[in-house]
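Peer 1: Produce the complete structure using the sequences and hints provided.
Sequence lines, in order, name chains S and G. Under this note's numbering, the letters of the first sequence match residues 88 to 403, in that order. Under this note's numbering, the letters of the second sequence match residues 6 to 558, in that order.
The set of hints was computed from the structure by calculation and includes no laboratory data. Don't be surprised by glycine CBs; every beta carbon is placed ideally from N, CA and C. Honestly, I wouldn't trust all of these hints.
What the hints assert, rightly or not - On the chain G side, residues computed to face chain S include the following (Cβ under 7 Å):
{"hint": "1", "residue": "T170"}
{"hint": "2", "residue": "Y272"}
{"hint": "3", "residue": "A275"}
{"hint": "4", "residue": "G399"}
{"hint": "5", "residue": "F441"}
What the hints assert, rightly or not - What follows is a list of derived Cβ distance ranges for each label pair:
{"hint": "6", "chain 1": "G", "residue 1": "A346", "chain 2": "S", "residue 2": "L381", "range": "56 to 62 Å"}
{"hint": "7", "chain 1": "S", "residue 1": "R146", "chain 2": "G", "residue 2": "V417", "range": "40 to 46 Å"}
{"hint": "8", "chain 1": "S", "residue 1": "V104", "chain 2": "G", "residue 2": "D265", "range": "49 to 55 Å"}
{"hint": "9", "chain 1": "S", "residue 1": "L103", "chain 2": "G", "residue 2": "R200", "range": "55 to 61 Å"}
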Amino acid sequence: MGRFVLRRLWLTALTLVLVSIIIFAVAEVLPGDPGRTVLGPYATQEQVDVLNREFGVDRPLPVRYADWVSDVVRGDWGTSYQLNEEVLPLVADRLGNSLLLGAFAFLLIVPLSIALGVYSALREGRWQDRTLSVAGLSMLALPEFVSGVVLIVLFAVTLEWFPVSSDVPSANPVDVIRQLTLPAIPLVFVLFGYIARMTRAGTIDALRSNYTRTATLKGLPRSAVIGRHVLRNALLPTITVVSVQVGYLVGGLVVIETLFNYPGIGKLTLDAAVGNDLPVLEACVLVTALLFALANLAADLLYGVLNPRVRLRGAG
Amino acid sequence: MIEDYRIHLVEEVRAGRMSRRDLIRRGSVYGLSFSAIGTLLSACGSDPSKPSGGTPAQSDEVKEGAFRKGGTARIGNITPAGDLEPLTMNDGGTVMTVQLACEYLCFPDPDLTLKPRLATEWSPGASPKEWSLTLREGVKWQDGSPMTADDVVASFQRYTDPKGTASALSSFTGILSKGGVEKVDDSTVRFTLDRAYADFPYLVSALNYATPILPKDYEPGDFRKGGVGTGAYVLEQYTSKRGATFRRNDGYWGEAPHLDGVEVTYYGEAAPMVLAMQGGNLEMIPGLGFKDAQSLRSQDDIQLFSNPSSSYRPVHLRVDTAPFDKKELRQALALGLDREAIIGSLLGGTAELGNDHAFAPIFPVSPDGEAVPQREQDIEGAKRLLGEAGHEGGLQLELQTLQYEDIPQLAVLLKEQLKAIGVDLKLNLMTQEAYFGSGDNQPWLEVPMGIVYWASRGAPSQLIAPAYLSDGVWNSAHWKNPEFDQLVQDLDAEVDEGKRTQLARDAATLMQDETPALIPYWLKELRAIQQGFQGVAPGPNVVLDPARMGFAA
Chain S
88 MGRFVLRRLW LTALTLVLVS IIIFAVAEVL PGDPGRTVLG PYATQEQVDV
138 LNREFGVDRP LPVRYADWVS DVVRGDWGTS YQLNEEVLPL VADRLGNSLL
188 LGAFAFLLIV PLSIALGVYS ALREGRWQDR TLSVAGLSML ALPEFVSGVV
238 LIVLFAVTLE WFPVSSDVPS ANPVDVIRQL TLPAIPLVFV LFGYIARMTR
288 AGTIDALRSN YTRTATLKGL PRSAVIGRHV LRNALLPTIT VVSVQVGYLV
338 GGLVVIETLF NYPGIGKLTL DAAVGNDLPV LEACVLVTAL LFALANLAAD
388 LLYGVLNPRV RLRGAG
Chain G
6 MIEDYRIHLV EEVRAGRMSR RDLIRRGSVY GLSFSAIGTL LSACGSDPSK
56 PSGGTPAQSD EVKEGAFRKG GTARIGNITP AGDLEPLTMN DGGTVMTVQL
106 ACEYLCFPDP DLTLKPRLAT EWSPGASPKE WSLTLREGVK WQDGSPMTAD
156 DVVASFQRYT DPKGTASALS SFTGILSKGG VEKVDDSTVR FTLDRAYADF
206 PYLVSALNYA TPILPKDYEP GDFRKGGVGT GAYVLEQYTS KRGATFRRND
256 GYWGEAPHLD GVEVTYYGEA APMVLAMQGG NLEMIPGLGF KDAQSLRSQD
306 DIQLFSNPSS SYRPVHLRVD TAPFDKKELR QALALGLDRE AIIGSLLGGT
356 AELGNDHAFA PIFPVSPDGE AVPQREQDIE GAKRLLGEAG HEGGLQLELQ
406 TLQYEDIPQL AVLLKEQLKA IGVDLKLNLM TQEAYFGSGD NQPWLEVPMG
456 IVYWASRGAP SQLIAPAYLS DGVWNSAHWK NPEFDQLVQD LDAEVDEGKR
506 TQLARDAATL MQDETPALIP YWLKELRAIQ QGFQGVAPGP NVVLDPARMG
556 FAA
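Peer 2: Given below as structure tokens:
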């Protein structure tokens, strides 16, 4: 198990290095440059050049990359070209906000989707199953900016239950619910159908399997059959799906963050890419990739706990 | 000279060559005080004679009652692209935020009449090549030290430094060079221009938004730390891409501001900002596009002010390359447009007709429809011109432009309308970053046919010089016409209002005939204000005067 974790961490580090190189390489072909973004379309080219020289972006990319790497290793994440601000606190702050929103959404999505997925499987083919399946698919097809706008108009503008724009909540649980519920719901819509279907399929497979029949025939009560045998096997594919969504929930929230004006990392990443703000872009992508890798690692470990075959192979 | 000018203004009005309204506007540019203008108006007699020039549509009437002391106003803006830096600012979000704390020498009314601000008086010398401005007494920086002539001189030295990154630099090119401003005494500064420029006060007003007066020892980055400026509100905290908070400046030189503070929130896009306005979470959105504002129209508790402007979307045609080197082709395209229909379907009728010349109706010198007839759709005429240009059966053209507010829909409308004259327009829409580009790759200056957006300007030549003069840095049509250059330069130097009108008419006629660009409309700018919030003028859009705003009692 220890070797398994070590190997995964090593692979993660390698991935991060590759990702950081790719970002720098892609920046070469991105349109625009930081000087132009800061000074606007009507500044003269001479002025843009002056500013770019100040930023140091007129140097060749490999040089900038080498500089950047040596700084990052020493703990200096650099200064944003556009915002003239230290990158590390900026990105850490935004990441924290996104994690908070992502975690809140996760707490809603995962139990709800798994519970209803299992329920669907147990009611396979009946009206409850069909209703859930159709509802899940319809919500999946609804883009976040549509469901988000509908929610805002209904619950924030008309009923005034929630604020229109979501700020970072204070530690007060009431405030957390007030600020984060509306932005979390479109995410529930997007992910619910997906995760619930996975769970349903896994559960149906497990219910039809020989070991379930055996467990039932040997006289175990139904709750024990489902809890001990069915769920344990049915959840394996679900865990993979859930862990893949962690990256989306942290880095891919651009639409939700823009719509609710929530200061997360998704919008920061997009702005940095558009404005060619490499230090910020690198930092955003790296922390997102790191989270993604950690989520996958967590999923693998959980897999091991649930599935002895993986665990034993890892140890052997 | 100024005495002659007063007499001249009265004569122009008496002779019916100028409206009383224009007298107020022109008089204000020459630094006549309002009592002086009042005297002139009574000297003109009571008969409001023929309004001359393009009479701009009035901006919306603002009614206001008594103010309640206190409260915090919440203002929504689009997220600035850069950091909050007055020196390099060029977008609405930054400009609006900076204007809460910083002030200019003069300030424009919605109809472009100039009002005193940090300067109390101004007047040209023997010719409009030299301008003297008297500074207001008793103005203090927010740290308590007095504002002096040295601060003003240092500010303009910085804005005209060719080696610097000031965004005002391009607006002064060819007009004011570094070293052209000097301190006469503690309360007077003198500008010596590169050439005579009768509209110079506009260039030191808020309309030239990147020219706020900053302390002489100002360093880039100081503003965002807070406490810089002479204005009614003091910046307390700024968080990049999220917003800024301000408190009242108790040492403000003017009447005490009504509010306790101001909270600025930045939004990545207009839609969530408009929703926040609808939900009552904002008191004001200072600048808003037509489409974004649509959902606010149905709401009774939100006032939507519109103000005529010189903001526009020229469709440039590169006159130096085939096929647009044929004037007949350019004219044919212009005659193919149904401008009324474009304004109707694109902007709900809320724009003013463009006439393919750069003198927007809001400018006092703008020639009216009699002097330069309005171009109207003429399919037969357009087809005939196409034939003369050698494209009898029509031709295919490519229009390259960017994704920005009304521009993509404008491009589609052009494509639809030009089908009627046999022109097959291929559209190529790019992102803003790609279209503006940088360095050697700036498509908007290179493509044969393109559309770009221009923000509102205070004086015609501010708009014309960079885009249509031979040495213009953003002359995307590559149109170089010495006659036109001369007319515009003469207009800049001329103070005689009759001659100014004549020069503007000649320049407009020439430009319309040459058609380096199709100008379908001049936009009206929108400002949304919550019922119960008041003391803010409806425009101009790039400008926000925060000193009087507050909640109704």
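Peer 1: For each hint, tell me whether it holds in the structure or not.
Peer 2: Hints versus structure:
no.: 1; hint: T170; result: holds, 5 Å
no.: 2; hint: Y272; result: holds, 5 Å
no.: 3; hint: A275; result: violated, 11 Å
no.: 4; hint: G399; result: violated, 33 Å
no.: 5; hint: F441; result: holds, 4 Å
no.: 6; hint: A346/G - L381/S: 56 to 62 Å; result: holds, 58 Å
no.: 7; hint: R146/S - V417/G: 40 to 46 Å; result: holds, 42 Å
no.: 8; hint: V104/S - D265/G: 49 to 55 Å; result: holds, 52 Å
no.: 9; hint: L103/S - R200/G: 55 to 61 Å; result: holds, 58 Å
Hint compliance for this structure: hints 3, 4 are broken, all remaining hints hold.
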